[in-house]
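This is what each chain is made of:
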Amino acid sequence: MKIKPTKGERVFDVINVLMMILIMIVTLYPMYYVVVASFSDNSLLTATPGIIAKPLGFTTGAYRLAFRHPLLMNGYKNTLFILAFGLPINIIMTVFCGYFMAAEDVMFKKIFIPMVMFTMFFSGGLIPGFLNIQSLGLYDSIWSLILPGAISVYNAIITKTAIEGVPESLVESAYIDGAHDYTVLFRIILPLIKATIAVLLLYYGVSHWNSWFTATIYIRDQTRLPLQPILRSLLITDDNVLNASSVSGDEVNNFAETIKYSAIIISTLPVLVIYPFLQKYFMKGVMIGAVKG
Amino acid sequence: MYGALIAFQDFRPSLGMADSPWVGLKHFESFFNDIFFTRLLRNTISISLLNILFSFPAPIIFALLLNELRQDKFKRTVQTVTYFPHFISLVVIAGLIKSFSTSNGVFNDIIAFFGGERSALLQKKEFFRPIYIASGIWQNIGWNSIIYLAALSAIDQEQYEAARIDGASRFKQALHVTIPGILPTIIVLFILRMGSVLSVGHEKILLLYSPPIFEVSDVISTYVYRKGILEAAWSYSSAIDMFNAVINILFLVGSNAIVKKASGKGLF
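Going down the list, the sequences are from chains A and B. Okay, so the first sequence: first residue is 0 according to numbering that gives the first Met the number 0, each after it adds one. Okay, so the second sequence: first residue is 0 according to numbering that gives the first Met the number 0, each after it adds one.
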């Protein structure tokens, strides 16, 4: 028997939908503004206050300048380097860590797990971390951004939960057939947690892509900075990042404002593009993590 | 973590940890007497509390409302759209805030529309906290609602049936079935949140603050950064950082204990 919705409930539904639409507009508008502004003419943009709906004086100049900008492109390259070398390290180490925490007869497991969880909440602090990097000889090296942070405990726990989800019987029969621990890991468990590995790739990927703070303290040479810190100089601290030799002062002035927007688009585009496709994987990751909680 | 001990020393890099003189709690004392101490503590706690007050409930309410949407396709569209800002980097967000806050920017347009005066928003003290919190909600309301949505879908449908048969309206259902159903999740997340009360997101503040508004925006972690990295006061900065961590532990354990007392179950 279907219960008819009351008038009050129908009003609520309508308001709810309207509110959601409003929320979506507010969510999307800033990015829309950026896209529109990046194609606009610089002087027209600074002269027109506030909300705009379409490009003012369409031009691709801001993009052309951004692509020719050495530091920006360098930053891109460095970030890609971090992804190329960091991601495999992240995944391998996290899987090992998760496996270690999930497996049965492991030595020291009772001490290991609490120790690992402890680091999820506390760390030595900013300065000791910095001194640590220095003494390891990683200062000003791109590896300082890859090695120390290789395992995120949160991700390791997600992995542990996923590994624990593999049926006991499969693992046991493998052992009976004479397999060693590593064989079990690589040939039985890994193929079964492919979805989790996809989630790890995405989480670490996004984290590397967006990180800027550690780079600003550990790296001194501007050409070794990854993308976000460069973006920061461009957008926030207004350093004269733009004054590189291959770019003349005049050109820079012509696009002073709009290049900021084109830089934003260039650096966010990969995320923008990949996101819709992988949305369900992200959500899965959160769910797996939530189950643990 | 062993390096954290330099908080109790007068650390000199050239001497290393083994040879730098030990000074016990000297740095902690100087911190408590630092002219900025009250300001830092005040800002850290108020921003943190405001954050909890506004950005903790927001995703919960959002999830509840989202759950009430009838058309599945619309619901999924809203989800896709609202999850997106979470993936934009803080640098970009701060950049956006900066350009929208200029006198000619979008925010001022809205202010002018309601009859207010245009001004450079990020230079003025009264705007910092609202901007900080609102942008945080904008960025994370969607993403943070995922956990709550997951918890919502785990609620037994039969409970809703029973409530309907008893004549409960949708609103009453929400009150008596839905909210108790996700209460465990809310509590867990709340306790975890309490554990970072003092670590108010220093990255975002670092990107947005400036000397004119230090008065309202300087927090413990940003001070740690300035003193430690920019001024190289190693030991002093570590002492402050440690103070920060200890208070966080206290909050974490404290809120866990309170919840345990109240409901019999805590996080640990």
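Keep in mind that a hint or two might mislead.
[As the list claims (entries may be wrong)] Within a straight-line C-alpha distance of at most 27 Å, the following computed DSSO-like cross-link-like pairs (lysine-lysine) qualify:
id : chain 1 : residue 1 : chain 2 : residue 2
1  : B       : K74       : A       : K279
2  : B       : K74       : B       : K123
3  : B       : K124      : B       : K97
4  : B       : K97       : B       : K203
5  : A       : K76       : B       : K203
6  : A       : K53       : A       : K193
7  : A       : K109      : B       : K259
8  : A       : K193      : A       : K108
9  : B       : K72       : B       : K203
10 : B       : K124      : B       : K203
11 : B       : K97       : B       : K123
12 : B       : K171      : B       : K74
13 : B       : K171      : A       : K6
14 : B       : K74       : A       : K6
15 : B       : K97       : A       : K53
16 : A       : K279      : B       : K260
17 : A       : K6        : B       : K72
It should be emphasised that the hints constitute simulated quantities derived from the structure, not laboratory data.
Taking the hints in turn, this is what the structure says about them:
1. B:K74 x A:K279: 14 Å, holds
2. B:K74 x B:K123: Violated - the C-alpha atoms of B:K123 and B:K74 are around 39 Å apart, more than 27 Å.
3. B:K124 x B:K97: 15 Å, holds
4. B:K97 x B:K203: Holds. B:K97 to B:K203 sits at ~12 Å (cutoff 27 Å).
5. A:K76 x B:K203: Given pair A:K76, B:K203 holds - Cα atoms ~25 Å apart, limit 27 Å.
6. A:K53 x A:K193: 43 Å, violated
7. A:K109 x B:K259: Holds, because 25 Å separates the two Cα atoms, which is no more than 27 Å.
8. A:K193 x A:K108: Roughly 25 Å between the alpha carbons, so the hint for A:K193 and A:K108 holds.
9. B:K72 x B:K203: 34 Å, violated
10. B:K124 x B:K203: 16 Å, holds
11. B:K97 x B:K123: Since the Cα atoms of B:K97 and B:K123 sit roughly 13 Å apart, the hinted pair holds (cutoff 27 Å).
12. B:K171 x B:K74: Status holds; Cα separation ~22 Å.
13. B:K171 x A:K6: 15 Å, holds
14. B:K74 x A:K6: Between B:K74 and A:K6 the Cα gap is close to 22 Å, so the pair holds against 27 Å.
15. B:K97 x A:K53: 21 Å, holds
16. A:K279 x B:K260: Not OK: A:K279 and B:K260 at ~38 Å, beyond 27 Å, violated.
17. A:K6 x B:K72: With Cα atoms ~24 Å apart, A:K6 and B:K72 stay inside 27 Å; holds.
The earlier numbered hints that this structure contradicts are 2, 6, 9, 16.
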